Amino acid sequence: MNKSHFMAESQVRGWIVTALSPAHRAFISFGCRQAWQERVVLLLQFVTYTLLITIFSSIFLITPFKELPTTIALNANVMIWYIIVTELVTFSGGQNFQGVRSDVVGGEFSASLQRPKSYFRTKLWIWVGTNLVRSSVFLLLGTMLGLIFTRGFPYHWTQIPFLLLSIYISTLIYCAIHFMLGLIEVWGPYARSAMWVSQKSGFLLGGLILPLQLYPQWLQTLAWATPYPAMLNIPGKIVFDPSLTDMAAGLAKQILWLVITIGAGFFIEARAYDIIRKRGQ
Amino acid sequence: MWNEIKGTLHYICILIPAALKAALQNKAAFCSLSFFMFFQNMIMFMIWVIYFANFSSLHGWKLSDLATLYGLAAFSFGLAFLLCGGALDLGRSVVDGELDIYLGRPRHPLIGLLFRESRASGLGDIVTGPILWIGFGHYTPLELGVLLILGVFSALIILATALVINCLPFFAAQGSRMTDQLLESFIIISCYPHNGFGMVVKIVLLTVIPAGFVAYLPIEAIRNFNILQMVLLGCAAIFYMSLAVIIFNQGLQRYTSGNKMLEVK
Chain A
540 MNKSHFMAES QVRGWIVTAL SPAHRAFISF GCRQAWQERV VLLLQFVTYT LLITIFSSIF
600 LITPFKELPT TIALNANVMI WYIIVTELVT FSGGQNFQGV RSDVVGGEFS ASLQRPKSYF
660 RTKLWIWVGT NLVRSSVFLL LGTMLGLIFT RGFPYHWTQI PFLLLSIYIS TLIYCAIHFM
720 LGLIEVWGPY ARSAMWVSQK SGFLLGGLIL PLQLYPQWLQ TLAWATPYPA MLNIPGKIVF
780 DPSLTDMAAG LAKQILWLVI TIGAGFFIEA RAYDIIRKRG Q
Chain B
179 MWNEIKGTLH YICILIPAAL KAALQNKAAF CSLSFFMFFQ NMIMFMIWVI YFANFSSLHG
239 WKLSDLATLY GLAAFSFGLA FLLCGGALDL GRSVVDGELD IYLGRPRHPL IGLLFRESRA
299 SGLGDIVTGP ILWIGFGHYT PLELGVLLIL GVFSALIILA TALVINCLPF FAAQGSRMTD
359 QLLESFIIIS CYPHNGFGMV VKIVLLTVIP AGFVAYLPIE AIRNFNILQM VLLGCAAIFY
419 MSLAVIIFNQ GLQRYTSGNK MLEVK
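Residue numbers (the working numbering), protein chains in the order written: chain A, 540 to 820; chain B, 179 to 443.
Do not rely on the hints blindly, as some may be mistaken.
[To be verified] Within a straight-line C-alpha distance of at most 30 Å, the following computed DSS-like cross-link-like pairs (lysine-lysine) qualify:
1) A:LYS605 to B:LYS240
2) A:LYS817 to A:LYS656
3) B:LYS184 to B:LYS199
4) B:LYS240 to B:LYS380
5) A:LYS605 to B:LYS380
6) A:LYS792 to A:LYS656
7) A:LYS817 to B:LYS240
Everything labelled a hint here was simulated from the structure, so no lab data went into it. Predicted model only: the values in this text are computed from it and were never measured.
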């Protein structure tokens with residue numbers, strides 16, 4: 540029993556060491572430094588984030604929540620914290636779509652064919668670092684805004700680890716989706732259009748502004764068939780749906796969607812490489 | 179003076195079709211950008227439809243008011259950048275020294291810079307407005323006509339704001355990095371109702387950041403059919419556009435050449 544336990548433990552440790560090779564560690568550290576380097580952009584995004592939270596706080600404060608059925612326990616304060624978290628995910632995820640798209644147009648993506656690690660693999664590890672810095676910074680600002688607008692902190696300490704993990708996984712799903720959208724440029728100049736539609740569909744189907752619980756049933760069913768609720772609704776709803784089983788189930792769904800989106804990313808990247816090999820840059 | 183105005187208008191009438199023709203070079207891209215812009219506007223508006231399915235009103239505003247606001251904001255942004263897409267790239271042109279090409283022309287450089295490009299997505303935005311007004315607003319033909327005129331005023335205010343934001347690189351080295359983000363913030367403020375804000379914020383949104391003039395005030399004007407407010411909007415459009423031109427001229431004095439004079443010919 541002890542021996543098998545020891546073997547399993549060393550296997551896991553071995554996997555972590557293999558997964559985080561010096562190259563991966565270098566990419567993560569590069570991502571962290573890159574996020575910090577773009578402080579000016581980050582500062583301006585703070586302004587936009589603050590503006591959005593201010594606008595929606597003012598909207599939620601005049602929303603007649605009393606009209607909702609008693610089964611939906613929402614009020615202005617809960618909704619303000621909800622939107623703080625959902626917007627936090629979109630801001631922490633960054634605008635990676637633009638970067639991928641310009642790398643395709645500029646030839647960086649084609650050039651990555653000659654490198655030992657594929658473009659997506661490299662970017663993914665860089666984003667692991669970038670999102671770490673961005674989400675930490677936005678989390679701090681979001682918490683401050685939440686405290687200012689609601690004069691209270693609605694989370695119990697046991698929810699915090701779930702919330703942090705959930706937000707971080709969401710940002711990675713967000714990046715994987717952005718990668719696929721940016722890569723559409725390999726097939727033609729359609730990436731921007733696809734991005735608009737995907738972004739706004741994500742806002743609607745993910746429940747960026749209003750929780751999915753307020754949607755008609757058919758739209759909820761449609762939304763849960765997409766990765767967007769895993770990206771926005773799951774971390775957002777922790778504030779009004781704090782049961783441990785729900786949080787664990789939500790986290791499991793997020794991990795599943797993270798695996799699916801990353802897998803889809805590698806699949807699309809392989810197709811894009813095939814096209815470039817046949818057609819040239 | 180009259181001849182100069184006539185000449186400028188003639189010049190603009192040549193530039194607009196030329197920019198549209200250039201944008202239509204790739205018809206598939208133009209149509210897809212327009213369609214998807216319209217589509218994304220509709221998706222975004224769905225959030226308000228869901229909101230009003232759950233709540234009866236937002237401080238007196240109904241879905242028709244939100245449709246008017248969203249439609250007006252889309253219409254004006256579309257109109258501004260379908261015709262004057264160059265305003266969005268002005269900051270980058272300043273940094274890259276591309277202004278040289280326009281400085282060598284007999285007309286004011288701003289005209290060439292603004293009308294040099296047409297944003298295809300603007301057409302999708304323009305279409306969004308009337309569809310939302312007709313679909314949700316139930317307006318009379320007269321009110322629709324007034325909305326179109328108010329939309330032109332709003333487009334001028336948006337253009338003026340985009341111009342001022344894109345003049346930042348004239349005055350600050352880091353300015354070009356801020357332009358997109360600042361314009362995005364302006365779009366965000368313009369597209370949402372302001373009736374939850376306090377008086378101080380409302381004053382700021384009608385002075386320093388003229389976002390209140392883009393959609394909120396026009397909606398109030400059309401809701402009450404207040405002619406005075408409509409005239410005020412027209413005056414605000416002229417004022418902010420003039421201010422933007424003054425700021426551009428001030429910035430131009432600080433401009434240093436990008437050594438691209440050879441491209442003038």
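*Hint by hint, which ones does the structure fall short of?*
Violated: hint 7 alone.
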